[in-house]
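Enquirer: Next come the chains, spelled out residue by residue.
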Amino acid sequence: MSENVRHTRGFDLIKPLSITTLLIVMMPLVLLPLASIFIFGTSSGLASFWRALTAPEAIFALQLSLVTSFWATVFNVFFGLFAAYVLSKYNFWGRNALIVTISLPTAIPTAVAGFALLLLWGPYGILGKFLEPQGIHIMFTAAAIILANIFVTFPLAFGVIKPVFDTMNQSLEEASATMGATRWQTFWHVTLPSLRGAILSGALLTFARSVGEFGSTILVSGNLAGRTQTAPLYIFAKFNEGQVEAANAIAIVLALFSFVIFSVLFFARDWLEAE
Amino acid sequence: MKFRFGSIFVLAVSLFSMSCLPSAPSGGGKGARTITVYGFSIMKEAMEKDIYPAFAAKWKAEHNGEEVNFVSSFAGSETVTNQILQGAPADIAILSIERDVDRLIAAGHVPKDWYVTPQKGIVNKTPFVIIVRKGNPKGITDFADLGKDGVKLIHPDPVSSGGAQWSLLAIYGSELKKSEAEGGKKDETRALNTLKAIWKNVIATPGSAREARTQFELGQGDALVTYELEALLMQDANAPVDVVIPKSTIFSEHPVAIVDRNVTADERPLVEAFRNFLWSEEAQKAFVKNHFRAVTNESFNDTNAQFAKIEMPFTVEYFGGWEKAYPDVIEKVFRDQVQNK
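First to last, the sequence lines map onto chains A and B. So for the first sequence, the working numbering puts the first residue at 1; every next one is plus one. So for the second sequence, the working numbering puts the first residue at 1; every next one is plus one.
Quick caveat, the hints were computed from the structure, so don't treat them as lab data. Predicted model only: the values in this text are computed from it and were never measured. In this text, a Cβ means the ideal position worked out from N, Cα and C, and glycines have one as well. A few of these clues could be false.
To give a feel for the contact side, a few chain B residues facing chain A, derived at Cβ under 10 Å [to be verified]:
1) Cys-20
2) Pro-22
3) Ser-23
4) Tyr-38
5) Ser-41
6) Ser-72
7) Gly-87
8) Pro-206
9) Arg-210
10) Glu-211
11) Thr-214
12) Glu-217
Here chain B stands alone, though its shape is the one from the complex (with noise of 0.2 Å):
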């Protein structure tokens, strides 16, 4: 029985020394800043390589070696907004849709007075594309194409992801700048014939734009609606696919807000450079060359060859702003004709 228990107190032990929880990988040394980002799907490569990187070699530069560590996480723009709302300890957030910023402000993390910058608290913006299979086997020219008999749609779920309601208000804009180029007048049933038709072959809805991205690489679906950038990185890696540039279509623009009440008195310089970093040159050449455009300055843009032109671009002021583009667009026409029909 001796025998035994000796070989249980060594079981134990061994298991001991797992007992420490393990120290952070990018801990960086005592005195080293930290900046908690919260940011929507898609933007995590482009602030990983780049962004985070290059401020951190600045701030290092001009604040006599100071270290400045990032820890972050992305996932739907809805997600990471209800995950703030819950409490998760961002500095700062990244969203895809200003709406996210709206619900941050009703629940006091952000103040109503956020964007206090040209940009209106815009980082960067892309507009919507359709990605499809190489040779485009569908023949898709265009959003309405999307509704054809055998046409198989990934698109993310409107509840979760920001990406998913760009991409409805994209689809349901373009009919109607197309219908007011063609007769002069919003043909509004026009627009949700199309959503109709649209949803009806959507056969996946995901949690968010990157995580549709990586099913239809996985060979999902035959048409992807997303942002430029994603149908960009795609074709950098040799993926077999196709862009397809509708005629109209929407330029979404990302919003950045500080969440006030995560951030302590001494931390706000650090947070609001970083914020303040964004718009500067550096970091906007860093998301062109990620595939974003730019809104500082429209001449970067040209700098990216890989950049579509749109002929009947529009943002969502086309609808009013986001105030009026929810309710009416996303409950009305989507949630209560398209989909809970």
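So here's chain A without its partners, still in its complex pose (with noise of 0.2 Å):
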């Protein structure tokens, strides 16, 4: 116990202090703006709400959105295990850059990464321009959509993965090498078990950040109802055409689902790295 804390009949007032002012901070800045969405949406009633929420248009891009952002997630922790490997394992020239370049996409913002995109892929892009007499169109389709969200959200599982082998015992994959195990036996049996809390980690922040993106999403994707239009972007034009309410359930469906997410995170955590 630090000398510095002041005892009044052994009652300590800094940790009530502490938690209220953070409580207070948190108020006007994260609680009282989702407690907001929570509380329009639901101002006209249930009725007008479910409504809203079951209008094709919606539901489809839900859907949309967890589909996209689930094959974006998957190429993301595939291709940051990958890399979180190859670039702790081995030491070569230009190693460090390829790290820096990795994270870059974070520092981007995420218009800009759409309009790159874009500009490559597009009909009349540098790449694009080739593969659209072919009848290839990317651009303005699902695929875009998965592009897009890969961009943007790949530095998120390497991240979290490359730390875990960056600390890990080297001694215990020795020791499985001398036991006469192949590489590939002592990543599947040594290596991945102590991994299993980052992947998690890193497939559920992906998966989180991709339902949410938005600004090169509205780019890559022409924005066509029904067609390639992604929750966020559904929640946007709704907003635009004043159909707020509409705006509102979907903006609900997507701030619980990601409250989901991030508990299923933190309590899967716990119990992924207590063995």
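Once you've looked at the hints, go ahead and assemble the two chains, each given alone in its own frame, into the complex.
Expert: What follows is the structure, encoded as structure tokens:
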């Protein structure tokens, strides 16, 4: 116990004070804005909330968001695992530059990312103009949304998995090698289990970030309702049309979804790491 | 360890079930044709509520029950044009200003002879008016009053919104018209000063006319300069607003163009049929119902009692067409002397 703590009959004032301060600061910045979505969304009754939620375009938007985020996550987790393995195990010229490059997409504004993809793959783009006559349209489709999501969430899984590799105890792997295990057997039975927590965190982080992605998606998808419009785009479109309730209903769904994902992340991590 | 991998396996399977792309809600049956429409912001409601269903019904009746689906995207006119220029798959574009069509022509998306109808490609029109809060607490009677102290104005961004450019032409032109009627000469200084005073009162510049209306509806600003039909739609929804009809204002005229580059030979008849349908009596009357003014027959406009009478109307021809209006007014007057001062 620090000597600076003042006790009044054994009661520590700092603890409730600091907790209260924490909550007070979070109130206007985080808690109240979140609450206002829920309050407004249900203010005109559950019937109209349900109607907004079950509109075919709304359901399509949510499904499209989930599917495109799923595939982007699958790719980025596998790639993150692979990249983390290679970059922490081997030392080669340009290694650090590569690590920095992988982390770059977070620093780039998402609208810039979307625009860059258009300039490359669009029908008049640097590469796109060769694919177009073959009938291969990448932009303005769900594939474009997945590409954009991969770009924007690229470093997330990698950034969570790599530190685990770096701090991993090499002696375990070496012991496994001396016992005659192949590289793959070592990886699967010794290395991978220690990474489970990081892989799950990375996956959930990537997924949650993908679902909420807006800036790049709005550029590369064409924003066609019922075809290439993801949930965040749907919210934006509804807001622009003045249908604030419809926008709110989907906003609530996304907020709840993120809440569930991060709760799972929180509890599963403890469970996975306590082994 | 087996148990844990088992649970991960279950998780993977449940996730995999959402790995297939959802089917489009308006998928239609096999053999349904699709027309992709990109339109400027305020066209959305009229098209989706009346025009699409009317055309689909007509086509179905005339073509052995063939279904037609519409896929559309609406945004500020300039934004829509930029999307098409980047390769968005539009078959047909309905834009707010003819200049956007010129941009598409310049990039080769639309042929030079895009208008071959008597209406010169214009599908409907509407005059520009001022929306204020109910009771008109700031006492706005005409465009010039928007420059008064203490008036907060929402005005869409001229860079992305066609409606914003129409609004600037309305304000500038109305002052020219009034000075011409009063003194026989167009007073450009007076018009410029009015524009400057008004622009000082702008508190927000959203990306499209429709966005501006949403912001106004959510309580921001005291006044909004916009298409008449936006004002009438708000009144229909019993919003607490009043409409101020300026003495002189511009009629915005909205062109429709087929984006040739994206239309294949066998899609052409369908897309052309749809474009021509927009000038049919049925469609023009539907536009009037949605508070757009018809262009084929003025008598249709009489059926809408809410349309206001404009004392001194003018069109973009007053400035010599968009080829002159854009460089002379939007660039030389507004951008150089008002915005970037």
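Enquirer: For which of the previously enumerated hints does the structure constitute a violation, in increasing order of number?
Expert: none
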